[in-house]
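Undergrad: Listed below are the residues making up each chain.
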Amino acid sequence: MFSPAMRRKLSEWLTAYIFLAPWFFILFVFIIFSIGWAFYLSFTDYNLFSPPKWVGLTQYIRVLRDRDFLQYALPNTLKYVAVVVPTQTVISLIIAFALDQNIRFRRFFRTAFYVPSVTSSVVISLIFIWLFSKVGIINQIFGLKIDWLNSPTYALPTIMMVNIWSTIGTMMLIFLAALQDIPVALYEAAQIDGANRLQILRYVTIPALRPAIFFVVTMGVIGCFQVFDQIYVMTAGGPLGATTTMAYLIYKWAFGSTNIQMGRASAVAFILSLMILVVVLIQRRIIEREE
Amino acid sequence: MTTMARALPRRDVFALWDRLKMPLFYGVLILWTIISIFPFWVSVVYSLKPVANSYDPPYLWPVPFTLENYRTVLTQFELFPRWVLNSAVVAITVMVIRTLFCAMGGYAFARLRFPGKDLLFTLTLFTMMVPGQVTLIPQFLIIGPGVVRNLTIGGVKIPTGFGLLNNLGALILPGIVDAFGLFMMTQFYKSIPSELEEAALVDGLGRFGIFFRIVLPISQTALLTLALFTFQGTWNAFMWPLIVLRSPEKFTLPIGLQWFKGEYYTLYSIVLAGSIFNSLPIILIFFLFQRYFIRSVAVTGLKEA
Amino acid sequence: MYRKAFALMALVVVAGLVLTACAPQTVTVTVPVKETVQVPVEKTVVVPAERVTVRLSGWAANPQETALLESLLYRFSVENPDIIVKYEPITGDYWQAIKTLVGAGEEPDIYYMDIFQFPFFAKEGVLLPLDDLMASTGTSRDVFIPDLINAFTYEGKTYGIPKDFNTLALFYNKDLFDQAGLAYPTDNWTWDDLKAAAQKLSQPDKNIYGLGVPADPGRFPIFVFQNGGRIMTEDFSDTLLDSPEVVEAARFYTGFYFDKSGALPSDVGEGWQGTAFGKGNFAMVYEGGWLIPYLNQQFPNLKYGAVLPPKGPKGYGNLIFTVAYVISKNSKNPEAAWKVIEFITNEASQTTVLESGFALPSRAALINHPYFQSHPESATIFRGATGATPFMWGLYGSDVNEKMGQALERIYLKGQDPEASFRQAAQELREILGK
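Residue numbers (the working numbering), protein chains in the order written: chain C, 3 to 293; chain A, 7 to 311; chain D, 1112 to 1546.
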C-alpha cells in the first residue's frame, strides 16, 4: 500500500513521536494548561482569594505606564541582559578553551571552577554581602569606600558580578563537553592544510561549537531576563529601585504585597516572555546565518 | 623606517607568546581558582567555628575549631536521615529518567524529520521563558486537588488532578523530562557527526537500535553533564517542594535545613554548616562523573576521507 | 561496568516509584471469630471514637521554639485523644506558600497570621470568625491584652487569637556607656537625652557609633508617634507621611546619621543592626525582644540592658508586632481546631512559652509572673505595649512600608531634604491608594 520511501518516512515520524512522548505528556498535562491559565489571568483583576474579574487589556496598559516598571524594572533588566550574557559566555568559553589544552592539573582546575555552581545561594549572598560591604575585602584591596549593595549606582553591577561568578562553572562544563566532541580528525585535516592556531580556532573550533554557543547564549538570555533569586535575598529590589527587575516586580505583585495583584504580575510575565522570545529568535537568526 | 626595524618579525611574536603562554595561562587559572573557591572556603571556616566566635578573627582559618555546628545539623532533628533519603530518592530517580527521556527527545529534534518539528521546538523553548511565579498555582492544582473540584459527569467522578500532594511523586512526576535538558541534548546531537548512525541505518539497524546501541554511548559526556545538572537542580529544588510537601517526614533536605533559619534572626554558623552538608552529594556526583568526562571513542576513531 | 550502574539506578528508580505509590493506609479489617462452643459468650467490642485531624501550620521558628510548640501539642493530644494535630511547618517563604495554599483551597485548618497581613485576609473572608467558638468554651476576649485582640478584630468580629507579641526597646551596651562615663538610660529618657548620649558615645574612627538608624519602616514610625504624628489616617484611606510631625521626626532620626552620632548597619559592614550591636559597633539600637535570645547565643559575653524608647516632644510611642492563630473558613473541623487553639493559648501553655524566653504571652494576667523579675529586658518589652501602636497600615501596608523606606533611603543616599522626600513618598502612595 505504501511505497518503501513513504513507509520509511512514516516510521521516522512514528519514532520521533514515540521519542517525544514523555515531553508531549508533560507539555499537555502540566505546562500548556498552566501557561494558558496564567495568560488568561493577565486579562483579569485577580487577588488570589476572590474569583478573577475580566478587565481586558487594563493590566497590560497599567504595567506599561507603571513608574516602577518604566523607570526601574525594564531598564535594569535590559542592562542586566546586555552586560551579563556576553560576559558570562565569553569568559566561560575562554576558560573551557584553557582547560581543553593539555595542561597539568586539569581535573583540579575543572573542579575548582565548578565550585561556584555548587555553592548554595545562602552562602553566596552571605559571603558576597560581607565581601562587598563598606569595610569588606573588595574595598580594602582596591582602596575604595563604596557601600556596594546599598549604592543606587553600584548595586546592580554588584549583582551582575555575583551572578556571572556563579554561572560560569556551569557554562564552562557545557563548552568543555562540546569541545571534547569535536572530531580530532577535523583538527588534523586543518593542520595538514597549513592552518595556524588562530585560523584553526576561527574556522574549525568556533563553527563546530555553534550549537553549543546557541545553547549557552539562549539559556543565558532566558536566565538573565528572569534574574530574581540573588536580588530577592541580597537587596530586595533596592536601594531605591536600583536592583528592581521585571521578575522581581512579578514576585512583588504576585506574592510579596499585602495587596495581591496576580493579574498584573501575569501581564508582566507575558511581556517578559515576549521580549525573551524576540531576542532568542533574533540571535538564532544571527548564529544560523553564519553557517 | 625606524618603526619597521623596531617591529618584531611575526615569527618572534609567536615565539614570545609561546614562552609567556604557559605562565600566563597558569596565572589566570590560579587567579580564577582563588576567586571561585574563596566564598566556599570562607563559609567552611565559618561553619567550623563555634557560634559565639563567628564574628571574631581570624576569618580565613577556623580557630577555635569545632564540629559542633555539624553535629547540631545532623542530630537536631530526628527526621534528618529521612530527609536525606527523600532527597536522594527523588534526585536519583529524576536524574535517571530525565536524562534518558531528554536524550531521546533531543535525538528526535536533532536527527529525525517530522511534521511540526520547528513549531514544537520553538514551543519547547518558549516554555522556559514564562517565569515560574505565575504558573505556580495552576501547576499546584494539577498535581494536587485538581483544576475543577468534584467534577462529576453522569454520576462518574472525574479527577482533574493527580492528588499527589504531600507525596514524593509530586516532585518526580513533573520532572521526568524538561525543556532545558531537551534543548541541551538537541544542540549536542546537532554538533556530532552522523556518519556512524547513517552507516548503521544502511546496515539495516532500526532507529531504536541505533539510538540505544550507538548514539547513547557516543553522547556519554553530554549525558553525564545533563545528569549532573539534573541531579543538582532536583536536589536543590526549593519552591515547589515547599508548597507540595506538608508533613515534616516528607521533606527533602533543603526544606528541612531551612528550619534553622529564624523568623527574626539567624545563627549563620549552623545554617552554613547545613548548606555545606547539602552540597556534599553534588560534589560527590561531580567527582564520580568526572572520571567519565572523556573524549568519546567514536569521535576519535573516525577517519575522515 | 555500565550494567552494574544501570542496574543500581534501575533499582533506585523502582524504589522511588514504589515509595511514592505507597500511601499509609488506615483501613481496619474485621476478622470474623468463629465460635464452635455453644456457650453463650458476651463480647464487648470497644469502637474507637471518631478521630478528627486538624492541620496546623506556621513558619518554622528555630528548633528550640519548634520543640516548645510540639511539647504543647503533645500535652494537648494527651488530654484530647480524639483529635490528631498534624504540625506542618513551612520552612521557606511563608507568605508565598500560605497565599498559594489559600488561593488553591488547600490551606491548613490553623495557621499563623501576622497583624501586618491581617487586613487583606480578613477583608477577603477567608478566615473563620471565632466569637461563637469562644463562647462555647467560655473564653473571653478580656483575658488578652486589648491592643492585641483588637488588632485581629474586623467589623466587630474576632478572627484571631494572639499567640505572642513584641515591641521595640532601646538596647544599650553597658561597656560602651561605662567607657564614656555616661549613666545608663532609664525609662524616663527623652529625645534630648538620646541625642546627647549618642553624640558622646560615637567614635567614628573606631567604627563605633552611638545609635543605629537604619532606613527601616519597622523602626522609624515610633519616632513619628513620639512626635504626636501618625503614618496613616485612622481608616487607612489616606496617608499622613507628608505631615509636619512626620517630617520633624524624620529630621531628628536621620540627623544622627549626618552628624555621625549614628550610622547605618552597612556602614560597619553588617546587614542588620542587631549584629552591629552585638559586635560593639553600635552603642544603642532600637530592636525587639528577638534580640535577647540572639545576643545570648551569638554574643554571650555582651553586657547590655533595655529601656522603653525615649519619649519625644509629644510623649511615648512604640510599635506592636503580633501574630495570631487563625482558623480557615474552609476548615472541616472548626470545633476541633478551636479546641487546639484554646489549649495552646491558655494560661498554662502561655506560661510555659514565657518561661522558655522565646516569646511574650498575650494574656494580660501574666504581667505579674516572676519571670519578669529575673528578666528585666523582657519585662521592658512587655511593658512597651502600653500606649503602643500595632504595626499595620491597612490593605496597602506593604506599599506604605516601601514608600517610607524609600523616603528614608533618599534622605540618606541622595541627601534629599526630609520634607521633599516625604512629600514625594506621600504623593506616590496616594496614587496607589487612589487606584
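It is worth saying that the hints were derived from the structure and are not from the lab.
Be a bit skeptical, because a hint or two may be false.
Below, in silico cross-link-like pairs of lysine-lysine (DSS-like), each with a Cα-Cα straight-line distance of 27 Å or less [claimed, not checked]:
1. 1311(D) to 1197(D)
2. 1422(D) to 1306(D)
3. 1525(D) to 163(A)
4. 1306(D) to 267(A)
5. 11(C) to 267(A)
6. 1317(D) to 55(C)
7. 267(A) to 1390(D)
8. 147(C) to 1390(D)
9. 1285(D) to 147(C)
10. 1422(D) to 267(A)
11. 1525(D) to 81(C)
12. 1422(D) to 1268(D)
13. 1197(D) to 147(C)
14. 1440(D) to 147(C)
15. 1371(D) to 55(C)
16. 11(C) to 123(A)
17. 147(C) to 1525(D)
18. 1306(D) to 1443(D)
19. 1443(D) to 163(A)
Beyond 12 Å from chain C on every Cβ pair, some chain D residues (computed) [said to hold, decoys possible]:
20. 1197
21. 1225
22. 1228
23. 1235
24. 1289
25. 1378
26. 1411
27. 1459
28. 1480
29. 1509
30. 1510
31. 1520
32. 1521
33. 1539
Partial pick of chain D residues on the chain A-facing surface, computed with a CB cut under 8 Å [stated by the list, open to error]:
34. 1171
35. 1174
36. 1188
37. 1201
38. 1206
39. 1211
40. 1401
By construction, the Cβ of each residue, glycine as well, lies at the ideal position given by its N, Cα and C atoms.
Undergrad: So, for every hint listed, does it hold in this structure?
TA: Okay, the hints, checked on the actual structure:
For the proposed pair residue 1311(D) and residue 1197(D), the alpha carbon gap of about 54 Å is over 27 Å, so the pair is violated. For a cut-off of 27 Å, the pair hint linking residue 1422(D) to residue 1306(D) stands: about 12 Å separates their Cα positions. About 63 Å separates the Cα atoms of residue 1525(D) and residue 163(A), which puts this hinted pair outside 27 Å; it is violated. The hinted pair formed by residue 1306(D) and residue 267(A) fails the criterion: a straight-line CA distance of about 35 Å is larger than 27 Å.
Between residue 11(C) and residue 267(A), the direct Cα distance comes to roughly 58 Å. Violation of the 27 Å bound is thereby established for this hinted pair. Taking the CA atoms of residue 1317(D) and residue 55(C), the gap is near 59 Å; set against the 27 Å cutoff, the hint is violated. Annotation: proposed proximity of residue 267(A) to residue 1390(D) holds, straight-line Cα distance about 20 Å (limit 27 Å). Only pairs whose Cα atoms come within 27 Å are accepted, and residue 147(C) paired with residue 1390(D) is accepted, the gap being roughly 21 Å.
A distance of roughly 30 Å separates the Cα atoms of residue 1285(D) and residue 147(C); the hinted pair therefore is violated under the 27 Å criterion. The straight-line distance between the Cα atoms of residue 1422(D) and residue 267(A) is roughly 34 Å, outside the 27 Å bound, and the hint therefore fails. With a C-alpha separation of about 22 Å, the suggested pairing of residue 1525(D) with residue 81(C) holds against the 27 Å cut-off. About 34 Å separates the Cα atoms of residue 1422(D) and residue 1268(D), which puts this hinted pair outside 27 Å; it is violated.
In summary, the hint linking residue 1197(D) to residue 147(C) is not supported, as the alpha carbons are separated by about 52 Å, beyond the 27 Å threshold. For the hint pairing residue 1440(D) with residue 147(C), the CA-to-CA distance comes to about 54 Å; that exceeds 27 Å, so the pair is violated. Restraint check: the Cα-Cα separation between residue 1371(D) and residue 55(C) comes to about 52 Å, which exceeds 27 Å; the hinted pair is violated. A hinted pair counts as satisfied when its Cα atoms are at most 27 Å apart, and residue 11(C) with residue 123(A) qualifies at roughly 14 Å.
With a CA separation close to 16 Å, the supplied pair residue 147(C) and residue 1525(D) stays within the 27 Å bound. Restraint check: the Cα-Cα separation between residue 1306(D) and residue 1443(D) comes to about 56 Å, which exceeds 27 Å; the hinted pair is violated. A C-alpha spacing of about 21 Å is found between residue 1443(D) and residue 163(A), which places the hinted pair at or below 27 Å, so the restraint holds. For residue 1197(D), the non-interface assignment is confirmed: its Cβ lies about 24 Å from the closest Cβ of chain C, beyond the 12 Å cut-off.
For residue 1225(D), the non-interface assignment is contradicted: its Cβ lies about 10 Å from the closest Cβ of chain C, within the 12 Å cut-off. Residue placement check: residue 1228(D) does not keep its beta carbon more than 12 Å from all beta carbons of chain C (closest about 6 Å). Chain C draws residue 1235(D) into its interface by the beta-carbon criterion, the shortest separation being 4 Å against a cut-off of 12 Å. With a least beta-carbon separation of about 25 Å from chain C, residue 1289(D) lies farther than 12 Å from that chain, consistent with its non-interface assignment.
Non-interface status of residue 1378(D) relative to chain C is broken: a Cβ of that chain comes within 12 Å, the nearest being about 6 Å off. With a least CB separation of 22 Å from chain C, residue 1411(D) remains clear of the 12 Å interface cut-off, as annotated. Its beta-carbon lying about 34 Å from the closest one in chain C, residue 1459(D) satisfies the requirement of being farther than 12 Å from that chain. Annotated as non-interface, residue 1480(D) keeps its C-beta farther than 12 Å from every C-beta of chain C; the closest such distance is 34 Å.
Against chain C, the non-interface label of residue 1509(D) is violated: not every CB pair exceeds 12 Å, the least being about 4 Å. Annotated as non-interface, residue 1510(D) brings its C-beta within 12 Å of a C-beta of chain C; the closest such distance is 7 Å. Not every Cβ of chain C is farther than 12 Å from the Cβ of residue 1520(D); the closest lies at roughly 5 Å, contradicting the non-interface assignment. Chain C draws residue 1521(D) into its interface by the beta-carbon criterion, the shortest separation being 7 Å against a cut-off of 12 Å.
Distance check on residue 1539(D): its Cβ comes as close as 8 Å (rounded) to a Cβ of chain C, failing to clear the 12 Å threshold; non-interface status is violated. Using the Cβ-Cβ criterion of 8 Å, the hint placing residue 1171(D) at the interface with chain A is satisfied: the shortest such distance is roughly 5 Å. Of the supplied interface hints, the one on residue 1174(D) holds, with its beta-carbon coming within about 5 Å of a beta-carbon of chain A, less than 8 Å. At about 16 Å, the closest approach between the beta carbon of residue 1188(D) and any beta carbon in chain A exceeds 8 Å, and the interface hint on this residue is violated.
With 8 Å as the threshold, the beta carbon of residue 1201(D) comes within range of chain A, its nearest partner Cβ sitting at about 7 Å, so the hint holds. Among the interface hints, the one on residue 1206(D) is violated; its C-beta lies about 12 Å from the nearest C-beta in chain A, farther than the 8 Å criterion. Hint status for residue 1211(D) relative to chain A: holds, with the closest Cβ pair at about 6 Å, below 8 Å. Annotation: residue 1401(D) was flagged as interfacial toward chain A, and the flag holds, the nearest CB pair being 4 Å apart, inside 8 Å.
Taken one by one, the earlier hints fail for this structure at numbers 1, 3, 4, 5, 6, 9, 10, 12, 13, 14, 15, 18, 21, 22, 23, 25, 29, 30, 31, 32, 33, 36 and 38, listed in ascending order.
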